[in-house]
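Enquirer: One-letter residues, chain by chain:
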Amino acid sequence: MNKATRWFSRNLIRIYAVIGFAYLFLPIVYTFVFSFNDSKKSNLVWVGFTLNNWKNPCGAPDVCNALGNSLKIGVLATFFATILGTLMAFAMGRYAFKGRSVVNILIFLPMATPEIVMGASLLTMFISFGFNPGFWTIVIAHVMFCISFVVVTVKARIASLDPRLEQAAMDLYADERETFRRITFPLVAPGIAAAALLAFSLSFDDFIITNFNSGDVNTFPKFVYISAQRGLPAQANVIGSSMFLIALIIVLVGQFVGRKRAGVR
Amino acid sequence: MSTALLHTGTHEKKAVLKKKKLIPYWLLAPGIIWLIIFFLVPIYQLISTSTQTQGFGIGTYVQTYRFSNFADAISSSRAQLFRSFEYAFLATVFALIISYPLAYAVAFKSGRWKNTLLVLIVAPFFCSFLLRTVAWEQILGEQGLVIKTLRFLHIFSAQDHLTATPFAVVAGLTYNFLPFMTLPLYASLERIDIRMMEASGDLYANAITTFRRVTVPLSMPGVVAGTLLTFIPAAGDYINAELLGNPGTKMIGNVIEARYLAIVDYPGAAALSLILMVTILILVMAYVKRAGTEELV
Numbered sequence: 001m002n003k004a005t006r007w008f009s010r011n012l013i014r015i016y017a018v019i020g021f022a023y024l025f026l027p028i029v030y031t032f033v034f035s036f037n038d039s040k041k042s043n044l045v046w047v048g049f050t051l052n053n054w055k056n057p058c059g060a061p062d063v064c065n066a067l068g069n070s071l072k073i074g075v076l077a078t079f080f081a082t083i084l085g086t087l088m089a090f091a092m093g094r095y096a097f098k099g100r101s102v103v104n105i106l107i108f109l110p111m112a113t114p115e116i117v118m119g120a121s122l123l124t125m126f127i128s129f130g131f132n133p134g135f136w137t138i139v140i141a142h143v144m145f146c147i148s149f150v151v152v153t154v155k156a157r158i159a160s161l162d163p164r165l166e167q168a169a170m171d172l173y174a175d176e177r178e179t180f181r182r183i184t185f186p187l188v189a190p191g192i193a194a195a196a197l198l199a200f201s202l203s204f205d206d207f208i209i210t211n212f213n214s215g216d217v218n219t220f221p222k223f224v225y226i227s228a229q230r231g232l233p234a235q236a237n238v239i240g241s242s243m244f245l246i247a248l249i250i251v252l253v254g255q256f257v258g259r260k261r262a263g264v265r
Numbered sequence: 001m002s003t004a005l006l007h008t009g010t011h012e013k014k015a016v017l018k019k020k021k022l023i024p025y026w027l028l029a030p031g032i033i034w035l036i037i038f039f040l041v042p043i044y045q046l047i048s049t050s051t052q053t054q055g056f057g058i059g060t061y062v063q064t065y066r067f068s069n070f071a072d073a074i075s076s077s078r079a080q081l082f083r084s085f086e087y088a089f090l091a092t093v094f095a096l097i098i099s100y101p102l103a104y105a106v107a108f109k110s111g112r113w114k115n116t117l118l119v120l121i122v123a124p125f126f127c128s129f130l131l132r133t134v135a136w137e138q139i140l141g142e143q144g145l146v147i148k149t150l151r152f153l154h155i156f157s158a159q160d161h162l163t164a165t166p167f168a169v170v171a172g173l174t175y176n177f178l179p180f181m182t183l184p185l186y187a188s189l190e191r192i193d194i195r196m197m198e199a200s201g202d203l204y205a206n207a208i209t210t211f212r213r214v215t216v217p218l219s220m221p222g223v224v225a226g227t228l229l230t231f232i233p234a235a236g237d238y239i240n241a242e243l244l245g246n247p248g249t250k251m252i253g254n255v256i257e258a259r260y261l262a263i264v265d266y267p268g269a270a271a272l273s274l275i276l277m278v279t280i281l282i283l284v285m286a287y288v289k290r291a292g293t294e295e296l297v
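One line per chain: the protein sequences are E and B, in this order.
Position 54, counted from 1, in the first sequence is what the working numbering calls 54; the numbers after and before it change by one each time, with no gaps.
Position 37, counted from 1, in the second sequence is what the working numbering calls 37; the numbers after and before it change by one each time, with no gaps.
Keep in mind that the hints were calculated from the coordinates and are not lab data.
Predicted model, so just to flag it, every value in this text is computed and none were measured.
Some hints could be false.
In silico lysine-lysine, BS3-like type, Cα no more than 25 angstroms apart, as pairs [as the list claims (entries may be wrong)]:
(1) E/K3 to B/K109
(2) B/K148 to E/K40
(3) E/K222 to E/K55
(4) B/K21 to E/K98
(5) E/K222 to E/K72
(6) B/K114 to E/K260
Here chain B stands alone, though its shape is the one from the complex (with noise of 0.2 angstroms):
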């Protein structure tokens, strides 16, 4: 029934959009003139950067066109750029199954129930995420309940870790960014009509086929737009590297990070900079036109 609604009013929407000249360049005005000079310019900033060389003194940079500082960018952190896109890619893949039964729960079978949960879902995100992070690096460390068990238990030895470790990294980052995935699968599920598995079921498809060949496509958005809000920022962090990682653990943010607040080398994290955006850019685009979604925003 709301579903119904909610359809005719997007197809009349349509012809409702009016023509009037000038105002919605007046309305956009503000909100684009702020997105050109604090997104657009400053990323034109870092593009000029990242061909920069060293001047006279630290910290002042002249402009000399040397692209080979993205060889050399790449070749020095070759190992964390990968390690960035396989920690983002693994966190992804977890946080997608773990929210999609837990979006399913709250979409079918959580009754009158439903707007609490939901609220439930975005609830962490009002704790800081600093502090959550912090916090399981206390629960999972050598002072916590966890490993003091498992060693108790002769599952770990001493020498074993819980932090400190690839494994907790990847937890860590699936983690905190559960809610993004959660939520656009819980919207794409709840809009699903119904009948549509009704009528699946009233075809003969048992449960499983019917999940496979009707639920699942039709929540297709959801995973699009699930998987690209997680893998993004995942790619990016390096706060779950800093507080559950080891040395061997860095992302290339740590790398970014470092060389722009301590090392003061601006072209070399410019150059970074652009290389992780510009491939998570170009895998956006990839998956984007293979899922077949195009209206994102």
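In isolation and in its complexed conformation, chain E is listed as follows (with noise of 0.2 angstroms):
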């Protein structure tokens, strides 16, 4: 084998790993691009470059009205899915009690349910019940979905605590609520984090269930939808890239903050 070959056999996965991201954000960084495109009525071919788009996201009609909807959104029903989900996660993963494999089927459920179900199935019971859908039913499906995610992601957190740290503390004379109140919770804060952004990004983004249960609010993945037939604005270009490169740097500074908590301790 020459030299050539041998490193092409030995970085393999790598090179594979590689043409594997490309795929994952080639969509991305097309409509990164195109959110500085210079188009008139639809965003399909380049015409030329702008910053226009971005010093007025909000100049395409109804645009960030749908996105302030699907802002509200996501706060309320990850500040109660949160809530919710994670006082589930300690009942799960620190007691002993009867029907836990109820509990847990019913925590299952919802995440082995194809949305279009939970979609229709709740419009069926606003419908009877003669609710009107519109943004609280939204935020009442969204919460609905989140819980099971919630909970599954702060029990696993809880899971992975060495129960010895708190062994400690109880040994040190503090009682079970000062226990955890400084060792537990500060422990197990970073998985309610992680639901928390969780939570938020399944909100925001959901559209299936979101259509069946809005009436007429407008949210930003159906702002997309509606206006994906017709030609999207740039500014949804915008808001999306904007939208990531939040996330992405929450996401990096809370990493960066856990790495160096960790440094320090």
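Starting from the two chains in their separate frames, assemble the complex, guided by the hints.
Expert: Right under this line is the structure:
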């Protein structure tokens, strides 16, 4: 074997990984590049470079109204789902109780049910109780499908804790409440933060369940779906790209802080 | 080292579970009540609606226990039902083929880049999945560079398309749910004690045998979780079929959506939803039983 083929076979998996990541990111790069397109009506063909879309992200009709709704719904749904899910995760991770397997199934079922079934069944219920779908029905639906993901994420964190840390606190005469406040909760907090981030991104990105239960309230994914049929305005690309960059920065900063804290300890 | 710690952790955990009678129920109550009212009750409503028939006026239905709604629903949408499972199966297989080496590379070959690469796997989620699907539609579409290049090279004729094909729908499904496959695979690969692989090498197994007899079996929990997380949403999806497909690639999700929101045929749509849900649950249970993984949550 000559040098080149040997290098190639040794790095095959790395080359493959690079191609894999390129595949994952191609549509995101495309979205980002076309956010600078000087398009008039439909953003399909490259016309020329402009910063106008970034200077005026609300330039397209209704796009910022939809974005505002998505952000409000995302924050509310994340807040409630994180609280409800975290409480459940502590029950599941820390206590022995009767009916555990039933609860397990109830947590697993929403994750194993296709979104369209959940969306359709919720709409059926709202209609039969004479509820008009709108802003709050979306929040209710989002809390519902986020809870399970929060439980699973926080529970995993609780299960990975070293119980000796809490035992040590108790040995040092901390009572149960203080152990929880000073030891358990700070250790579980990164898991709760991760769960909240996950819940927010699930809520912000949801289309199928939202489409069923939103009435005439617009959300960002709904806006993209509806306008995709006549050509998406470049402002949607601006908003998509900035959400992507903001989330990426939050995660990277979180990782950096986490590593720094671990280093200090 | 860290895996060893984890193991003692889980062992002791079992003994540590507290037995206070009421506290766990108080902690569970709010979430459970939410799930009962907004998940179980709606499913019950769905079941009840599925056997109703049209009353007076559009959108009003009365309970008549008409179970033939199910037979009607299946016979009118058999093609879309089978197509959904076919596409979801193909997308799951492709996602597994693409993800396994990717997860393997991140778990074992990335060195100090590991955490960054892990973030990059999740990162596509931060960009709206509808935007990404629209981006694929435009990249592969009639105005895009790919099709123009292929036509210029005479690989494709003017009649050939990339979008509005079954290929595009399956590719879109594969792309959309890829991180759902990669993450659990990574999690289970990362947990493998590297000394197991070294031991296999010490016992004269070559790289391929080690991979086949050690790495793959130990990563099975990740394979099971990943395939489920990909297959379930893919089977119920209708965005990819809508944006990347043609009328001949409609999936069951498209039918349910149209019956609910356009035709206002609630019983038919409810029957189809139930068929989809029950079929998936049966497939999942059979699969999990065969794969031998019990604790999923």
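Enquirer: Honestly, which of those hints from before does the structure not fit?
Expert: Those not satisfied: there are none.
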